[in-house]
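Colleague: For reference, the chains in residue letters:
Number of protein chains: 2
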Amino acid sequence: MPQSVEKIEAEIIKRITPSPEERKKVETTVKSLLEKVERSIKRYDLNIEPMAVGSIARDTWLPDPDIDIFIAFPLKITLKDMERIGLEIGRDVLEKGERKYAEHPYTHGIVDGFDVDLVPCYKIEKPEQRMTAVDRSPLHQKYVIDHLKEEQKKEVRLLKRFMKGIGVYSAEAKVQGFSGYLTELLVLKYGSFMNVIKSALNWRGGFRIELIPSEKMFEEPLVVIDPIDAQRNVASALSLQNLTTFIHACKEFLKAPRTEFFYPKLPAKLTTQKIAELIKKKGTFFLALVFEAPKVVEDVLYPQLRKCEHSIRTLCIQNGFSVHNSDFEIVGSEAVILFEFEVFELPKVMKHRGPPIWIKNAESFYEKWSADKNAVSKPYVDGEHLVVDILRKWMHVHELVKAHLGELSLGKNINDSIKKRHSILVNEELANEKYADFLSRYLNKKMPWED
Amino acid sequence: MPQSVEKIEAEIIKRITPSPEERKKVETTVKSLLEKVERSIKRYDLNIEPMAVGSIARDTWLPDPDIDIFIAFPLKITLKDMERIGLEIGRDVLEKGERKYAEHPYTHGIVDGFDVDLVPCYKIEKPEQRMTAVDRSPLHQKYVIDHLKEEQKKEVRLLKRFMKGIGVYSAEAKVQGFSGYLTELLVLKYGSFMNVIKSALNWRGGFRIELIPSEKMFEEPLVVIDPIDAQRNVASALSLQNLTTFIHACKEFLKAPRTEFFYPKLPAKLTTQKIAELIKKKGTFFLALVFEAPKVVEDVLYPQLRKCEHSIRTLCIQNGFSVHNSDFEIVGSEAVILFEFEVFELPKVMKHRGPPIWIKNAESFYEKWSADKNAVSKPYVDGEHLVVDILRKWMHVHELVKAHLGELSLGKNINDSIKKRHSILVNEELANEKYADFLSRYLNKKMPWED
Numbered sequence: 001m002p003q004s005v006e007k008i009e010a011e012i013i014k015r016i017t018p019s020p021e022e023r024k025k026v027e028t029t030v031k032s033l034l035e036k037v038e039r040s041i042k043r044y045d046l047n048i049e050p051m052a053v054g055s056i057a058r059d060t061w062l063p064d065p066d067i068d069i070f071i072a073f074p075l076k077i078t079l080k081d082m083e084r085i086g087l088e089i090g091r092d093v094l095e096k097g098e099r100k101y102a103e104h105p106y107t108h109g110i111v112d113g114f115d116v117d118l119v120p121c122y123k124i125e126k127p128e129q130r131m132t133a134v135d136r137s138p139l140h141q142k143y144v145i146d147h148l149k150e151e152q153k154k155e156v157r158l159l160k161r162f163m164k165g166i167g168v169y170s171a172e173a174k175v176q177g178f179s180g181y182l183t184e185l186l187v188l189k190y191g192s193f194m195n196v197i198k199s200a201l202n203w204r205g206g207f208r209i210e211l212i213p214s215e216k217m218f219e220e221p222l223v224v225i226d227p228i229d230a231q232r233n234v235a236s237a238l239s240l241q242n243l244t245t246f247i248h249a250c251k252e253f254l255k256a257p258r259t260e261f262f263y264p265k266l267p268a269k270l271t272t273q274k275i276a277e278l279i280k281k282k283g284t285f286f287l288a289l290v291f292e293a294p295k296v297v298e299d300v301l302y303p304q305l306r307k308c309e310h311s312i313r314t315l316c317i318q319n320g321f322s323v324h325n326s327d328f329e330i331v332g333s334e335a336v337i338l339f340e341f342e343v344f345e346l347p348k349v350m351k352h353r354g355p356p357i358w359i360k361n362a363e364s365f366y367e368k369w370s371a372d373k374n375a376v377s378k379p380y381v382d383g384e385h386l387v388v389d390i391l392r393k394w395m396h397v398h399e400l401v402k403a404h405l406g407e408l409s410l411g412k413n414i415n416d417s418i419k420k421r422h423s424i425l426v427n428e429e430l431a432n433e434k435y436a437d438f439l440s441r442y443l444n445k446k447m448p449w450e451d
Numbered sequence: 001m002p003q004s005v006e007k008i009e010a011e012i013i014k015r016i017t018p019s020p021e022e023r024k025k026v027e028t029t030v031k032s033l034l035e036k037v038e039r040s041i042k043r044y045d046l047n048i049e050p051m052a053v054g055s056i057a058r059d060t061w062l063p064d065p066d067i068d069i070f071i072a073f074p075l076k077i078t079l080k081d082m083e084r085i086g087l088e089i090g091r092d093v094l095e096k097g098e099r100k101y102a103e104h105p106y107t108h109g110i111v112d113g114f115d116v117d118l119v120p121c122y123k124i125e126k127p128e129q130r131m132t133a134v135d136r137s138p139l140h141q142k143y144v145i146d147h148l149k150e151e152q153k154k155e156v157r158l159l160k161r162f163m164k165g166i167g168v169y170s171a172e173a174k175v176q177g178f179s180g181y182l183t184e185l186l187v188l189k190y191g192s193f194m195n196v197i198k199s200a201l202n203w204r205g206g207f208r209i210e211l212i213p214s215e216k217m218f219e220e221p222l223v224v225i226d227p228i229d230a231q232r233n234v235a236s237a238l239s240l241q242n243l244t245t246f247i248h249a250c251k252e253f254l255k256a257p258r259t260e261f262f263y264p265k266l267p268a269k270l271t272t273q274k275i276a277e278l279i280k281k282k283g284t285f286f287l288a289l290v291f292e293a294p295k296v297v298e299d300v301l302y303p304q305l306r307k308c309e310h311s312i313r314t315l316c317i318q319n320g321f322s323v324h325n326s327d328f329e330i331v332g333s334e335a336v337i338l339f340e341f342e343v344f345e346l347p348k349v350m351k352h353r354g355p356p357i358w359i360k361n362a363e364s365f366y367e368k369w370s371a372d373k374n375a376v377s378k379p380y381v382d383g384e385h386l387v388v389d390i391l392r393k394w395m396h397v398h399e400l401v402k403a404h405l406g407e408l409s410l411g412k413n414i415n416d417s418i419k420k421r422h423s424i425l426v427n428e429e430l431a432n433e434k435y436a437d438f439l440s441r442y443l444n445k446k447m448p449w450e451d
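So the protein sequences, as listed, match chains A and B.
Taking our numbering, the leading residue of the first sequence gets 1, the next gets one more, and so forth.
Taking our numbering, the leading residue of the second sequence gets 1, the next gets one more, and so forth.
Here chain A stands alone, though its shape is the one from the complex:
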């Protein structure tokens, strides 16, 4: 039921503004971490400085925040030393911490129930000086702290929660959405949560927002020029799908504001019997590739899962099959790449298209196919092309995928994992309790805020 925007905003703000107790708890943990880092640093006598960064430091965090502590090194220290020392400090401060690798290594641990990252970086003053991907973060931090007004912090929180609700929040590879810094910049640009929502109605693919002037062109779906670096698009991680989801959500929220945009209901879980029934009723062909998910960080895993989905999709389309939808999910320790085909079975004979008749290659096409054992006709003219009817090698998409898995480029770790073991499940074989959550979500296509 639609409510007034003001009432909804007030209700959501209540839910997402940290209570004095939460705030105290976070502050205590951050303070203690900074002290520990300070102590650890002393051993090196190198003018290293720790600092809290991210939403915690900017007071734009949502409940259950991550804590990011950066350890800033002087530029004179080599990258190798910086990484080594950064990890030594990490091991020292986070006893049960584990090394992680994004573009460069950092340490992750859990302290007082919070996810904590200890990230080494270089201390820079201008973006041109940056040596690693994370060096700019303290400059972003300074920009936000200098510009974001006190009363805008709740607007950032609202926007973050809205984006979380519709599934487009976070720049990490798993989500490909809006980063925290991007939400802050949008509030700075448009003034408030509601103004961002209203403004998004004018966005379209390639829309450009310049917080400082920039000449640089970008290809991404949304372009937001970084105010501390005119050469960078802050929205570079955002996928087209997430941009359009956001724009659509903004339209619908304005038409009928509801708390479900911020806190969507989870889709109901279907029984395996119901799943089997739905698959059968649709008449499409379901095929899932299942394998052990490689043990790599999500920022490495998810791009490979997308590559895997894309490669198989392309293989099928190139062979005349058509995909209704595809998706993937990590289910326990397994990765499941799911395809639903509209066309999955084709005749024995297919038309093979050659070059236009006036291209030099047309002649060699004609000669090759005039005497090929797979040709079931002579090459003939079809509009501006030479074509020939040939025997189709793969009449069912299932055979096609089975036969080509070994040759496709699916991402290095995924290729290795598939080589070890994999299975291909089709149609009702997917009606398995293990995959019921994934299939329930997949089969219930809707926008997140809907029932």
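Careful, some of the hints might be misleading.
The calculated DMTMM-like cross-link candidates involving lysine to aspartate or glutamate, where the alpha carbons are at most 25 Å apart (straight line), are [stated by the list, open to error]:
hint	chain 1	residue 1	chain 2	residue 2
1	B	K373	A	E252
2	B	K198	A	E252
3	A	K265	B	E363
Every beta carbon over 10 Å from chain B, so not counted as near; a handful from chain A, in silico [stated by the list, open to error]:
hint	residue
4	A171
5	R204
6	T314
By construction, these hints were calculated from the structure, which means they are not laboratory data.
The model shown is predicted, which means the values in this text are computed figures rather than measured ones.
Every residue, glycine too, gets a C-beta built ideally from N, C-alpha and C.
Start from chain A and add chain B according to the hints.
Modeller: Okay, now just chain B, sitting in the frame of chain A:
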């Protein structure tokens, strides 16, 4: 087996050059026809002039020629009178002649075994004066007679026979090929048959030949500016398919000259048993629409047959089915429009694509399909579009065509004929002796000069 071009040319010239007896026979018939027309004209006292036009008059005819006699009227006579008197003369000269209508009426008859057309036209001196489609013909005639050298006449005959052999000769609607005048212009432009063949290797879609300069742009596959009218493309009737067939034939003839380019073998006729076998083996789906061919001249009938083929093809493609090939043929008194489908059966559910999310219409799409009884999902975001899964109405192409025949625009006379009676034959129902010639040609895809 490849032979020398010179030997082949000599052999073909021998077969296509009229013998003194043939020449005598044609001349006698033309002379007697002109005399009859002269006598008939006398009744009107209107300064009307008869003249032989076409290949007979230019001495570029092939054995068994048509005889075209034009009856040229002064410009002061009204179109109505000219048509009336033209037909009166026709009835007078050709006793068993029948009235025909192209753009305007003329009389057709058979005299001494020759097809004769008596065509009224206006006597003009410049193309701008033309009143009817045929008025320019005497000017074309004069241009060719003034420019074509005696030794080039055999070159025109060779080119015509080559084009006949590969099925691209005649500008009439049935063929959509090269007109006689166009072959003459090509020989004038390039000098000889072999030079036309060699030059065609450089042609491509939109190639332009200017016998006089012209600024006018044309969209047709080949553009040959009429030397007596810079505003006209002599090749306007030529289809892309026939242009590419000609270019391909020229390439292959140069590589391996054979008499089969001029006199191809007819494809072997298959038994109905073999036809049924081939259809089954291919695994595609054959569907033929059969109806009584409307009793109209070919120049009216063939564009409608093409329109019919195109409309049904478009209907099927728009509904997700894909066509392997299609074709049509007049078999006795019936027209047969044949389609061979690659995809002919589709799942119950289909994806219906809406506008890009940033288009105003996206909202009404979302509202319509959020509450439509044919929707089996909510509308959802798919890349830049909103889409929705809906129930497919026609799961088999056979049902689709059956259901829509009544509404399609198939050409006026064909629509009428189908309304009266038609049948739809599928797969082995086409293995009928009646259609065996057509199916034999259709199933034996090859270039005409090949075995």
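Colleague: Work down the list of hints and note, for each, if the structure agrees.
Modeller: Structure-based check of each hint:
1. K373(B) to E252(A): The hint holds at about 21 Å.
2. K198(B) to E252(A): Distance ~65 Å between K198(B) and E252(A) Cα, so the pair is violated.
3. K265(A) to E363(B): holds (23 Å)
4. A171: holds (19 Å)
5. R204: At about 4 Å from chain B, R204(A) fails to clear the 10 Å cut-off, so the statement is violated.
6. T314: The claim stands: T314(A) keeps its Cβ more than 10 Å from every Cβ of chain B (closest is about 15 Å).
Comparing the model with each earlier hint shows violations of hints 2 and 5; every other hint is respected.
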